[in-house]
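Colleague: Listed below are the residues making up each chain.
Number of protein chains: 2
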Amino acid sequence: MPQEIETVMTKRQSIREFDPKVKISRDEMTAMLKMAITAPSACNLQAWKFIVVDTPAGKEKLRHYFMPFNFPQVDTSAAVVLFFGNKLAYKKYRKLWQGMYKAKKVTKEAMEAALNTFMPLYEHASEAMLKTDATIDTSLAAMQFMLIAQAHGYDTNAIAGYDASKAAESVGLDPEQFVPVMAVAIGKSAKAPVAMRTSRYDIGESVDYQ
Amino acid sequence: MPQEIETVMTKRQSIREFDPKVKISRDEMTAMLKMAITAPSACNLQAWKFIVVDTPAGKEKLRHYFMPFNFPQVDTSAAVVLFFGNKLAYKKYRKLWQGMYKAKKVTKEAMEAALNTFMPLYEHASEAMLKTDATIDTSLAAMQFMLIAQAHGYDTNAIAGYDASKAAESVGLDPEQFVPVMAVAIGKSAKAPVAMRTSRYDIGESVDYQ
Numbered sequence: 000m001p002q003e004i005e006t007v008m009t010k011r012q013s014i015r016e017f018d019p020k021v022k023i024s025r026d027e028m029t030a031m032l033k034m035a036i037t038a039p040s041a042c043n044l045q046a047w048k049f050i051v052v053d054t055p056a057g058k059e060k061l062r063h064y065f066m067p068f069n070f071p072q073v074d075t076s077a078a079v080v081l082f083f084g085n086k087l088a089y090k091k092y093r094k095l096w097q098g099m100y101k102a103k104k105v106t107k108e109a110m111e112a113a114l115n116t117f118m119p120l121y122e123h124a125s126e127a128m129l130k131t132d133a134t135i136d137t138s139l140a141a142m143q144f145m146l147i148a149q150a151h152g153y154d155t156n157a158i159a160g161y162d163a164s165k166a167a168e169s170v171g172l173d174p175e176q177f178v179p180v181m182a183v184a185i186g187k188s189a190k191a192p193v194a195m196r197t198s199r200y201d202i203g204e205s206v207d208y209q
Numbered sequence: 000m001p002q003e004i005e006t007v008m009t010k011r012q013s014i015r016e017f018d019p020k021v022k023i024s025r026d027e028m029t030a031m032l033k034m035a036i037t038a039p040s041a042c043n044l045q046a047w048k049f050i051v052v053d054t055p056a057g058k059e060k061l062r063h064y065f066m067p068f069n070f071p072q073v074d075t076s077a078a079v080v081l082f083f084g085n086k087l088a089y090k091k092y093r094k095l096w097q098g099m100y101k102a103k104k105v106t107k108e109a110m111e112a113a114l115n116t117f118m119p120l121y122e123h124a125s126e127a128m129l130k131t132d133a134t135i136d137t138s139l140a141a142m143q144f145m146l147i148a149q150a151h152g153y154d155t156n157a158i159a160g161y162d163a164s165k166a167a168e169s170v171g172l173d174p175e176q177f178v179p180v181m182a183v184a185i186g187k188s189a190k191a192p193v194a195m196r197t198s199r200y201d202i203g204e205s206v207d208y209q
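Protein chains in written order, with numbering that gives the first Met the number 0: chain A, 0 to 209; chain B, 0 to 209.
Be careful, since some hints might not be right.
The list cannot tell twin chains apart, which means a pair is met if one copy fits it or any two copies do.
To be verified - Subject to a maximum C-alpha distance of 27 Å in a straight line, what follows is the list of computed BS3-like cross-link-like pairs (lysine-lysine):
(1) K190 - K101
(2) K94 - K10
(3) K187 - K103
(4) K103 - K10
(5) K60 - K94
(6) K58 - K90
(7) K107 - K190
(8) K187 - K60
(9) K10 - K101
(10) K101 - K130
(11) K130 - K165
(12) K165 - K94
(13) K107 - K187
(14) K130 - K90
(15) K10 - K33
(16) K104 - K10
(17) K190 - K103
To be clear, the hints were calculated from the coordinates, so they are not data collected in a lab.
Please construct the entire structure, taking both the sequences and the accompanying hints into account.
Modeller: Dropping the structure here:
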């Protein structure tokens, strides 16, 4: 098992030029996103929202606030998936946890901890905390999405280079509620895979044991 | 390939009680973290830092700022890995990109875009942007880590329930530079796996096509 998942992880690399003939059906895209949301989230709030831009009109809008450096991915990908965090996800939590308890998916203790201990923290949380939590949840789902895409034979490029202040409004979301986290371009690489992988610092620079 | 990665993703569930006899060698832990940092990061800044707490003394410190609800994971796990974002990761970027270019791992265009276009954005960035970017990078690595752990036969629990204001200082990091993102407890479940998975909202609630 380690072998197989490591193959997917090490094969994934950021691709900036896709074969424009490759399209991805909305059924397959939805299936990949459905698998992506097996990711964990704080208190299972699932504070994420995905906008899949796979039409010429949708992509044209992206060109208004993406950096020109990222136009090749916008123009040649099968889709650009915009990952937003939902700062108000906690408003749905009560029904979710009660449903999970009824379905015997969580213990009473876990439900009560969520409803009585953690959820008041969200209800009284600062904007900054709601934004951070939604950003983390959404990043976890985005990472799973990139790996699933790789396993489906696609390539991806995670994109941070756009004007975040324009992202939500551009796709009709309330910018007060939805915070842009990243965009992921997906398609098939226009070129055969090359061994041109970016470097990582030695792991020793990033790890301490205590 | 989709089958195998989907198995890892769907098998992963948050485990709160581990077999306290199970230990993980630092060699294996480092290998798992090394695989985790194949995750992408904005401009390849790799704005992450991992503190692996696998000693009784280290765990005792966690009890000072973790919520009691999470003490079972702290006490029974083989380790708690603290994931921090590094807000000053950009200070190392120049050497990294020049090294990648020399090693023919990136094109000159990509290096120049990083050094001349994107990096000044970091050098003049607000605290909030540096924190957000480091939080996203680190979340991506954390998600890969949880999947790798699963593939290695371990279980995990991503933990947000602790006093974030105390995390960096408690492990000797500068709280101005390092922002806590999450903790991941890792070990082997004390009980046989149960079909007690948390629910997800219907994927249709989270996806729009445009």
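Colleague: Quick one: K60 to K94, C-alpha cut-off 27 Å, is that within a copy, between copies, both, or neither?
Modeller: neither (36 Å within a copy, 36 Å between copies)
Colleague: Could you place K107 and K190 in one of the four classes (within, between, both, neither) given a Cα distance threshold of 27 Å?
Modeller: Between copies only: 18 Å across, 53 Å inside.
Colleague: Tell me, please, which holds for K107 and K187 at an alpha-carbon limit of 27 Å: within, between, both or neither?
Modeller: between (46 Å within a copy, 23 Å between copies)
Colleague: Given a CA cutoff of 27 Å, do K10 and K33 count as a within-copy pair, a between-copy pair, both, or neither?
Modeller: Both: 22 Å inside a chain and 15 Å across chains, each within 27 Å.
Colleague: My question is about K130 and K165: at a cut-off of 27 Å on alpha-carbon distance, are they close within one copy, between copies, both, or neither?
Modeller: both (16 Å within a copy, 20 Å between copies)
Colleague: Between copies, within a copy, both or neither: which fits K104 and K10 at Cα up to 27 Å?
Modeller: between (35 Å within a copy, 14 Å between copies)
Colleague: At most 27 Å between CA atoms: does that hold for K103 and K10 within a copy, between copies, both, or neither?
Modeller: So K103 and K10 pass the 27 Å test across copies only (18 Å; inside, 39 Å).
Colleague: Which holds for K58 with K90 at a C-alpha limit of 27 Å: within a copy, between copies, both or neither?
Modeller: neither (31 Å within a copy, 34 Å between copies)
Colleague: My question is about K101 and K130: at a cut-off of 27 Å on alpha-carbon distance, are they close within one copy, between copies, both, or neither?
Modeller: neither (30 Å within a copy, 39 Å between copies)
Colleague: Given a CA cutoff of 27 Å, do K165 and K94 count as a within-copy pair, a between-copy pair, both, or neither?
Modeller: neither (32 Å within a copy, 33 Å between copies)
Colleague: Have a look at K190 and K101 and pick one of within, between, both or neither, based on CA distance no larger than 27 Å.
Modeller: Intra 51 Å, inter 22 Å, cutoff 27 Å: inter-copy only.
Colleague: Reference check for the pair K190 and K103, CA-CA at most 27 Å: within, between, both, or neither?
Modeller: between (49 Å within a copy, 17 Å between copies)
In this structure, the earlier hints numbered 5, 6, 10, 12 are contradicted, and the remaining ones agree with it.
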